[in-house]
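Participant: Put chains D, Y, E and H on the given structure of chain Z with help from the hints.
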Amino acid sequence: MDIASVAGMLIANIAILWAIYLGGSFSIFVDIPSIVLVIGGTGASTMMKWGMDDLKTLLTVYMKSFFNTMPNSKNMIDEVIKLSEIARRESVFALEKVPVEDKFLKKAVTLAADNRPPEVISSILGLEISALEERHGKGAEMLEAMAGDGPAYGMIGTLIGLVQMLQNMSDPSSIGPAMAVALLTTLYGALIMAVFTNPMAAKLKQFSKAEATKMNIIVAGILGIVAGENPRTIREKLESFLAPKDRTPTEEKKE
Amino acid sequence: MDIASVAGMLIANIAILWAIYLGGSFSIFVDIPSIVLVIGGTGASTMMKWGMDDLKTLLTVYMKSFFNTMPNSKNMIDEVIKLSEIARRESVFALEKVPVEDKFLKKAVTLAADNRPPEVISSILGLEISALEERHGKGAEMLEAMAGDGPAYGMIGTLIGLVQMLQNMSDPSSIGPAMAVALLTTLYGALIMAVFTNPMAAKLKQFSKAEATKMNIIVAGILGIVAGENPRTIREKLESFLAPKDRTPTEEKKE
Amino acid sequence: MDIASVAGMLIANIAILWAIYLGGSFSIFVDIPSIVLVIGGTGASTMMKWGMDDLKTLLTVYMKSFFNTMPNSKNMIDEVIKLSEIARRESVFALEKVPVEDKFLKKAVTLAADNRPPEVISSILGLEISALEERHGKGAEMLEAMAGDGPAYGMIGTLIGLVQMLQNMSDPSSIGPAMAVALLTTLYGALIMAVFTNPMAAKLKQFSKAEATKMNIIVAGILGIVAGENPRTIREKLESFLAPKDRTPTEEKKE
Amino acid sequence: MDIASVAGMLIANIAILWAIYLGGSFSIFVDIPSIVLVIGGTGASTMMKWGMDDLKTLLTVYMKSFFNTMPNSKNMIDEVIKLSEIARRESVFALEKVPVEDKFLKKAVTLAADNRPPEVISSILGLEISALEERHGKGAEMLEAMAGDGPAYGMIGTLIGLVQMLQNMSDPSSIGPAMAVALLTTLYGALIMAVFTNPMAAKLKQFSKAEATKMNIIVAGILGIVAGENPRTIREKLESFLAPKDRTPTEEKKE
Amino acid sequence: MDIASVAGMLIANIAILWAIYLGGSFSIFVDIPSIVLVIGGTGASTMMKWGMDDLKTLLTVYMKSFFNTMPNSKNMIDEVIKLSEIARRESVFALEKVPVEDKFLKKAVTLAADNRPPEVISSILGLEISALEERHGKGAEMLEAMAGDGPAYGMIGTLIGLVQMLQNMSDPSSIGPAMAVALLTTLYGALIMAVFTNPMAAKLKQFSKAEATKMNIIVAGILGIVAGENPRTIREKLESFLAPKDRTPTEEKKE
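Taken in order, these protein sequences are the chains called Z, D, Y, E and H.
Numbering-wise, the numbering used here puts 117 at position 117 of the first sequence, and it's gapless, one number per residue.
Numbering-wise, the numbering used here puts 241 at position 241 of the second sequence, and it's gapless, one number per residue.
Numbering-wise, the numbering used here puts 195 at position 195 of the third sequence, and it's gapless, one number per residue.
Numbering-wise, the numbering used here puts 217 at position 217 of the fourth sequence, and it's gapless, one number per residue.
Numbering-wise, the numbering used here puts 146 at position 146 of the fifth sequence, and it's gapless, one number per residue.
There could be a bad hint or two in this list.
Copies of the same chain look alike in the list, so a pair counts if it works inside one copy or between any two.
[Unchecked claim] Derived pair list, reagent style DSS-like, types lysine-lysine, alpha-carbon separation capped at 30 Å: (1) 237 <-> 74; (2) 209 <-> 237; (3) 82 <-> 106; (4) 97 <-> 205; (5) 97 <-> 107; (6) 64 <-> 82; (7) 245 <-> 97; (8) 74 <-> 97; (9) 56 <-> 245; (10) 106 <-> 205; (11) 56 <-> 237; (12) 103 <-> 237; (13) 245 <-> 138.
To be clear, the hints were calculated from the coordinates, so they are not data collected in a lab.
Isolated chain Z, as found in the complex (with noise of 0.2 Å):
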């Protein structure tokens, strides 16, 4: 689990509610129907526009988007490392019996083990890549269709408050809380976008984008060990994914 995600919720929480709190009462940014109106509305767009297969991995997508933890490229690296020594000392065979907790990896492993030809493994692990960023750009693609949707229902909410409001003029003490309760649906609106679907959609993609690369090291690394090259250029070349900074420094390498 990522900390930064869930910390990130918890401190945007904080902030609005405290803000909330200074001002007095909690219960004057509850109102029933307009949170109806706003998580219905926004709801039944997402309904309209996915068909029910999509709909029913939306909630899988967005939780995996909040609890999973961004792949680290560089450890992985280090278990492909691994693996390719054993490679060398013993057989591809081996790699089989190599305990190994990553799917995609022991997946990787297995097709070697079979000795499949290189083109075959290259060709089956690419189509999952393309499967996982396809996967995950529909659900980042729901998340930003919910992210204009809340606003736009919290708008059509407000709109109809104020013209109920503005019908019913006769009681001017009314007028204020009339007003507050039509803006609360923008507010929702608001907070669909900006809290609860734009961080999670971009969170996706970035979690995608790190997914794929550790996919294609990990591809990289088993056509290496494959190939038979030693584990010290198979280094190099998947180092190659990562920032300098991440790197083995070139001296090490050398000897």
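Facilitator: Showing chains D, Y, E and H alone in chain Z's frame:
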């Protein structure tokens, strides 16, 4: 029919109508000249933007975006595999007698049974796919243009109402209701955008993508059948179009 | 003339004028300085953005976007097929005497009758197509720029009016009308955008696309004629540019 | 100098000043701190965004976008053709003595007279063209950034003014004027965007495109001259860069 | 340090503070809960969007965008030419002893002195360049995301303040100040966008472009040195990266 679209439309309307109902009278939300201005204006701009031929197909495309079920690629693969097994057991010419519901698959099967060369099959079906994408693309474009015109005419109506109200403020009690009416066009415009066009445009794009995937599966399948490949190889090829969780488990394929 | 464009323009104007008429006087919507500011400003920005040569063609392009009929690719195919039949029966040189209305087709026929090599015909006509797309593209760009400048000058006018009103609030009864006048420029700007430029820009793009398709059909047809292909093959090739429903049914083509 | 740019600037200013004049005093539209805030802020953001070197060229580029005449490709073709006739009659080396006003044409002629190989001429002149596009592109980017910063600082100024006014409402008669002043920064920001930067950015792009076309004509012409092509062939080639109506009529070319 | 960035930041702040100072008290522009909401919220969204590793580099990148001098390609060319002259006079191996300040140039020189083959030098340095662009690109992306979140949380704060004010209008004299405080979050959000993030994001992009150009010059130069080209040829090649006015005049190069 995909229940999600219809259910979404119902939920959106119920949420909005409930918010109106709780605030009192429905009638204050109905103003004929405002409706004429926003709907008439949005329709008029659509007429100015497209030729007569495109306008005629707009309704069809709208209904389609709403009621059509998302194509199920998984079932289509099963159907293609069944055909490939028949072609294996008997011959490609036997396919013509197999009852096939999907129009595009029917066309593909007919071309195969006619013994047309693969490149002809591929180019004829390819043209069909790009024609479908073009048609759906234009439909989505028209709906998106309407999603922009609705709020624009909404703003024009509100400005007209405000000018009329501001020029005529002798009776203070009429100011509120006059402004309420002026805001109605903005509300109508927002509804056109958020409820009645944007979701359909998004659905149409999803639908078009899924339909093209299904068609590409059919093309790849028929070409495999014509080339005399065995059903298992064809399935493996076609499942590359699916998300991993929808594929036949690897173990099963091995034996 | 495409009835849709003109009818659309009429409907938009009638809807707006009716909304004004129902609210009372027309005269409160006419303010000469506001008109001068918004139309003058939008025109001035257009002059600043383009050179004199482009400005001269703006009116032509505007009228074209408005009154020109969407080119009919289906009829053009029939005409090209008729020419191909004449070329078959008699010779390519006989085409020069056939009366041809479409200018571009005429040019293509002349090039063919001149016995120019196919690659020359193709490159000369290709240049013509890209020049048309460039011209229409620039026209659409100019109209879209005006659709942005209209509201911008509208806002400038409203801000000027508001500042003047706010500095001079001694007579409360004048505040309403002064604000009404201030809002007029925003209204004019919105009308320029939604009614008088955006639809034409969109139409021009549609038109340009359809015209280019028609021209590409002519090029493909003439090249087929020059290559001595038989009319049925040419038709099959040209109909690939059409939507399925507009194509000659397959059965008919078979015999 | 292209009259359109200067005339456009004059018309825009006259329309705005007339609207101010009709409403009374000019002085209510001048507020020194507001001017300092919006112009200072926009300038400051521009400084933060670009390095010192780019800032120095901003004024040059601005003036250029304003006063430079759109390059006339038609005249340039005539000039290149004249040179090609001289080269034909005498020799390529004779070109060096022909007086040539356009700097880029001069450079091209010098390269030709120096007997440099065509690929060298082409690559040297090509670098020049891309350097010009880069330079003009950066100029347009800077102006567009200013067109965004102007309204942003305008909004900041209005918010500051509103906060000050709202905190100090003891004297009701001062509210109007205070709000008028607060709105001035928004007006200034809108003027920076719509009148003083956006049009120049658009012009610069047009200009850059036209200049690049003219330069490409020169390159194609000089390469034709160096290859010893006859002037008629060169003209036919160069006119492919022009719109049909600007080309020499076909009949004329035939004889 | 590029004076433009720091000077711009100072000017922007002075202009804003002066506008506040002229209007009276500074203290009415400071509201701790509003500051906590906008800065806390923007920071929280940034945490939700990126993983811990990226967040750590944000401050470094921010400072860099602010204080780093735009790389000077012209000086770098002179330095590379000096190296090429040494390599000519003595040998490539002599380069290792030449003191070189620029880290990337140092690495390039070391690779050359190590006698690595040109394609290895080119690929190693190329990876470095794309890693830098990726890093700076992510930095600009983070700052742009903050430039969007600032105003979003600003609007959320203003809506919260308005709802609180509207629910509590019993004391008319408190309405103005309450609304003033409500507007502060919008002001803070606008300042975050226009002054504290957008300019740095733009600068980072400029900087990254200029840095990549400088690095490409170094790569081209080192490859020329390794290939044993003469310094004049190398200079001609490297100056193709500069604007015409920064190049060595042609005459000088001839002799």
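Participant: Determine for every hint whether it applies to the structure shown.
Facilitator: How the hints compare with the structure:
no. : hint        : in the structure
1   : 237 <-> 74  : within (13 Å within a copy, 34 Å between copies)
2   : 209 <-> 237 : both (19 Å within a copy, 26 Å between copies)
3   : 82 <-> 106  : within (14 Å within a copy, 32 Å between copies)
4   : 97 <-> 205  : neither (34 Å within a copy, 46 Å between copies)
5   : 97 <-> 107  : within (13 Å within a copy, 42 Å between copies)
6   : 64 <-> 82   : within (29 Å within a copy, 37 Å between copies)
7   : 245 <-> 97  : between (34 Å within a copy, 25 Å between copies)
8   : 74 <-> 97   : within (23 Å within a copy, 34 Å between copies)
9   : 56 <-> 245  : between (41 Å within a copy, 13 Å between copies)
10  : 106 <-> 205 : within (24 Å within a copy, 36 Å between copies)
11  : 56 <-> 237  : between (39 Å within a copy, 26 Å between copies)
12  : 103 <-> 237 : both (22 Å within a copy, 22 Å between copies)
13  : 245 <-> 138 : between (33 Å within a copy, 16 Å between copies)
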